[in-house]
Amino acid sequence: MATTVITPEAGEISETSPNKKQQAAPVKEQPTHKEWTATQRVAFRIAFIFFIIMCIPVTGEWWNNLVTINWFHLHYRDLYDIARFSPSIYKFQNPAYNLLGYIDWVEALVIGIVGGLIWTAIDNKNKQYHNLYYWLRVVVRYRAGIGIIGFGFTKLFPVQMPYPSLGVLNAHFGDLTAQKIYWLSVGIVPWYQVFAGVVELAAGTMLFFRKTTTFGAILLLGALGDITYVNFAYDGGVHVYASYFVLFSAFLLWYDAVPVYNLIVKERFTVPPVLIPVFTQKWLRVTRIVLKTGTIGIFLVWLYYLQYINFKYDPYKQPGTSGVKQLRGNYNVSEFKLNGQDIPYSPLDSVRWQGVTFEKWSSLTFNVNKPLNLDLSNGGGSPMRDINRNFELTGVAGGKRVFYYDADTVNKVLYLQDKLPEQSKRKGKRGGRGGDKGSNNKIAKSFIPAEAQKNIRNEVTAIDPAAQSTRRERGVPEELKDKRKRAHMILNYTADATGSHIVLTGKDDKKNDVYIVLDRVNRQYALTDSKLVAGKY
Amino acid sequence: MSTLTTNQTKWKEYEKAAFRFFFIYFVLQALPLDWKYFSNLFRIQWGSLSFGDIFYISRYTPQFISGSSTPDTWGIGTLADWALIAVIALIGAIVWSLRDKKSDNYNKLYYWLRVILRYRLAIGIIAYGFIKFFPLQSPLPSISNLNTSYGDFNRWKLFSLSLGIVPGYESFLGLVEIIVGVLLLFRKTTTFGAVIILVFTGNVFISNIAYDGGEALYALYLISIALFLTTYDALRIYNLVALRKPTAPNTVKISLSGQWRTSRLVLKSLFIFFFVFLYGYKTYAAYHHDIYQYPKAKGLAGAAGLYNVSDFRINSKQLPYSQTDSSRWNDVVFEKWNTISIGSLKRFKADTSVTEEISRNNDDRKYELDGTTGRAYYSYVADTVKHVLLLKNRNSNYKADQFSLNYTRSANGAITLTGVDHNRDSVYAQLDKVNKKYLLQQAAHGRNKALKL
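First to last, the sequence lines map onto chains A and X.
The first sequence: position 451 = 451 (our numbering), numbered continuously.
The second sequence: position 214 = 214 (our numbering), numbered continuously.
Don't take each hint at face value.
Unchecked claim - As a list, the in silico DSS-like pairs of lysine-lysine whose alpha-carbon atoms are at most 25 Å apart:
| hint | chain 1 | residue 1 | chain 2 | residue 2 |
| --- | --- | --- | --- | --- |
| 1 | X | K108 | A | K266 |
| 2 | X | K452 | A | K370 |
| 3 | X | K253 | A | K266 |
| 4 | X | K437 | A | K483 |
| 5 | X | K452 | A | K485 |
| 6 | X | K349 | A | K485 |
| 7 | A | K531 | X | K349 |
| 8 | A | K34 | X | K245 |
| 9 | A | K370 | X | K268 |
| 10 | A | K510 | X | K346 |
| 11 | A | K370 | X | K437 |
| 12 | A | K266 | X | K268 |
| 13 | X | K349 | A | K370 |
| 14 | X | K245 | A | K211 |
| 15 | X | K188 | A | K91 |
| 16 | A | K266 | X | K433 |
| 17 | X | K436 | A | K370 |
Stated by the list, open to error - Not the full set, but computed from the structure, chain A residues with beta-carbon under 7 Å of chain X:
| hint | residue |
| --- | --- |
| 18 | I264 |
| 19 | G329 |
| 20 | N332 |
| 21 | Q524 |
To be verified - Away from chain A, derived, C-beta distances all over 10 Å, residues of chain X:
| hint | residue |
| --- | --- |
| 22 | F21 |
| 23 | K101 |
| 24 | V166 |
| 25 | F192 |
| 26 | Y211 |
| 27 | Y321 |
| 28 | S404 |
Hints in this document: simulated from the structure, not taken from any laboratory.
Think of the CB as a built atom: it goes at the ideal place given N, C-alpha and C, for glycine as much as any other residue.
Bound-form chain A, shown alone (with noise of 0.2 Å):
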């Protein structure tokens, strides 16, 4: 072992205590030298294991985002899908047996005690395992800061919860689920979701430094103590990953607990364990430098970089190319024919459209008085196609429709597809990252012909170039496989200059001939908006 622990000299207790003469009795300790007991160190043992388990990532996914990231060419995603993961050993059929989701954490518990009784069975020379312990720590502080790190920078450039779009601004309170009612607070009030993302940011950076360490996971186990809490009340579904850093932050605190309950509450002079590794060796001098500016570089420089694209090109739960300028904001439906016949505005009729909006990106959303299947998912993972991107359905119901729309705005042509697949598979919160992959390695055929495609603006290109990426590039294709079917409507659109006054004509998506004329109303909220928005549109 090229490393030692060292205690602090005697010459340094005098120095920092002028007081210690008039102590009774100082609680002498010298960690480096003192044994360990058995208990301590069969709880170590099993502990070292479980938490290499927990900290170590394993999977297949995680292993191959890594080595296909284009470095030259980054999304945030690259990033944030390295800090992201969790340990996942093997989960059971019958859901009741993953206990929430925290069968892995079981297990890796139980592979944890199997290991350490082993080891205690083999190893009967070592009596302390302070290396080894200050290197787990090590191992823990990096594992939750990067973790951390990853998810504040989503708060810190606010796009972890959006802004809510025009469809549920309009949607009742009572048709929203908790999960969505959570999200939107937040979403609200864009400079809180900053200081959200600078205590989680502050956390993560104080695990880099051994002395800050202490104060970085009294901070992390508070917020995402609260985190996990706040997931479990709202149904929020992510309670299994937050509650990993209070696992991680209450672990680091563990060092620190007794000394400052001795010193605080019992008011007896103290020692502190002091663990500091003397690197003997230069290349592991230097290995250590590269390593944590390595770390620091990517993560929080790099990062911060990739984020500031995403919040300002494309916040990755809203889509991220802009709708037809136009064709923007709240609309009463003055007129709607089906079939050449005239259907009179009545909230309770379950075919005429009712509150029709616009918003900022290609989203046309609608209200019709009849019940729809609904995607109760969280709206979030990272697809590249807008049509994915569903934050602006998920959790909402009240009869709202939301359709995607690509626009060949030489002809004045709106192809519309709603944004939730039919009969979907994605009836509960997991799901939702952008299809179903790999079932057959063509891209689906378009209800979009040929000669319009060519006046329909390529996707892939249509977000600001400062935000293109090797990840996107990749990720459109694929998506574009997805062989889920969904309704269209094929609509012609004629308005005014301003776009107050359209007038939709064409086929909605059973096939009828509808005649709808839309009017643009200046609806007032309560709610005030903030300046610091996402997206470019």
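Starting from the known structure of chain A, fit chain X onto it as the hints suggest.
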């Protein structure tokens, strides 16, 4: 009276100077010295003490300048009050420095200042803790709120509504506050309590700013006290944890003797009884009998729910469903209590209360309409013999809006309202009960099952 056991350390001059300032400053901030406060105390009916009274006692802040107190409630001081107190403290500290050349240290005064601040902070944090632990502060949303568009609430209301849908979480937050308050009641655990307040109330402070709440300054008041309490052990902890050096503990201890010892025990017990046990019991009782955010008066029996207005006439002229006519009622909600709300295209100037207020008076309990522009809220008195509802607009911006309507109820739950409204127009409204299913409730037991709604 009391003896101090400590090694008689000599404080540095700047330490003494700083202490003199902070001593005067915090005494003026924490001890109830504002005479207006006492006139409020005298107004309390001790015979029928409510948790609201104790809540206001706990929320004392000096208001020498602002004097914003209204009878029965006690507002929150302003920065001007803080500035005045700081100036007084500065002058006082200068005078004190000139007069007192003898003292080596103020260990004893520091000790008692910490006692005052610990108790002041404890009751402040416990008062808010119990009204969350028994989820009163943010109640479950009313039927009207469930049927209001998300964008028709302001930020502060959405913050409260979002907390209100998860009573378990609200209880948890309250429990944290109560535990923290109890930690402050004991000298040796004070630092832990104060640190948790820095994190917890720090978040409350930022939330108040972000969501346009009105209690940012009060949160800052509590934080400033917590910060002062934390500094006592901060260096020691930094020395131990960050520098990893052997560290000496606090040595200043006060031991009381004889009757002082008994008095302390009695006072502390009374204090804990009043602010923890009695207040806790009162909030518990309120949670079971009277959620203070909503009126207590009962509504029309069996009428609670959402109604579609299928037929609406003004001066006998039928108004069809419309997306543009703001005089037509679109839907009506009857709450369980004596409120109806009318949904139309009209938007209203919101009544907004951004601080926590507790009232016994039904009319002052405006949580249901605070911070929302979407619906018109009326309280009513029902004459169930003559079948008349006396309606009164609850919004303080529309006080003149009062009228009465006759009602008839049919077996299928429909209600017909007729009468003359505030504008002297005759109104006829046919209300059909809507069997509304709310996703919020339907998805409450998990989101793994497919749902069609």
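query: Does K483/A lie within 25 Å of K437/X when you go C-alpha to C-alpha?
result: violated, 33 Å
- prompt: Is it the case that F192/X keeps its Cβ farther than 10 Å from each residue Cβ in chain A?
  reply: violated, 7 Å
task: With 10 Å as the threshold, tell me whether F21/X passes as away from chain A on beta-carbon distances.
output: holds, 26 Å
- prompt: Within 25 Å, alpha carbon to alpha carbon, are K349/X and K485/A?
  reply: violated, 46 Å
- prompt: When you check the alpha-carbon spacing of K510/A and K346/X, does it fall within 25 Å?
  reply: violated, 35 Å
query: Would the pair K531/A and K349/X pass a check requiring their Cα atoms to be no farther apart than 25 Å?
result: holds, 23 Å
message: Just to be careful, I want the Cα atoms of K108/X and K266/A compared with a cutoff of 25 Å; is the pair within it?
response: With Cα atoms ~21 Å apart, K108/X and K266/A stay inside 25 Å; holds.
query: Would the stated hint for G329/A survive a check requiring a Cβ distance to chain X of less than 7 Å?
result: At about 13 Å, which exceeds the 7 Å cut-off, the nearest Cβ of chain X leaves the hint on G329/A violated.
- prompt: Would the pair K436/X and K370/A pass a check requiring their Cα atoms to be no farther apart than 25 Å?
  reply: holds, 12 Å
query: Can we confirm that no CB of chain A comes within 10 Å of the CB of Y321/X?
result: violated, 5 Å
- prompt: Should the hint that N332/A touches chain X count as held when the rule is a Cβ pair under 7 Å?
  reply: With a closest approach of 4 Å, the N332/A hint holds.
25 Å Cα cutoff - pair K266/A, K268/X: holds, 22 Å
Checked against the numbered hints listed earlier, the structure breaks hints 4, 6, 9, 10, 13, 15, 16, 19, 24, 25, 26 and 27; every other hint is satisfied.
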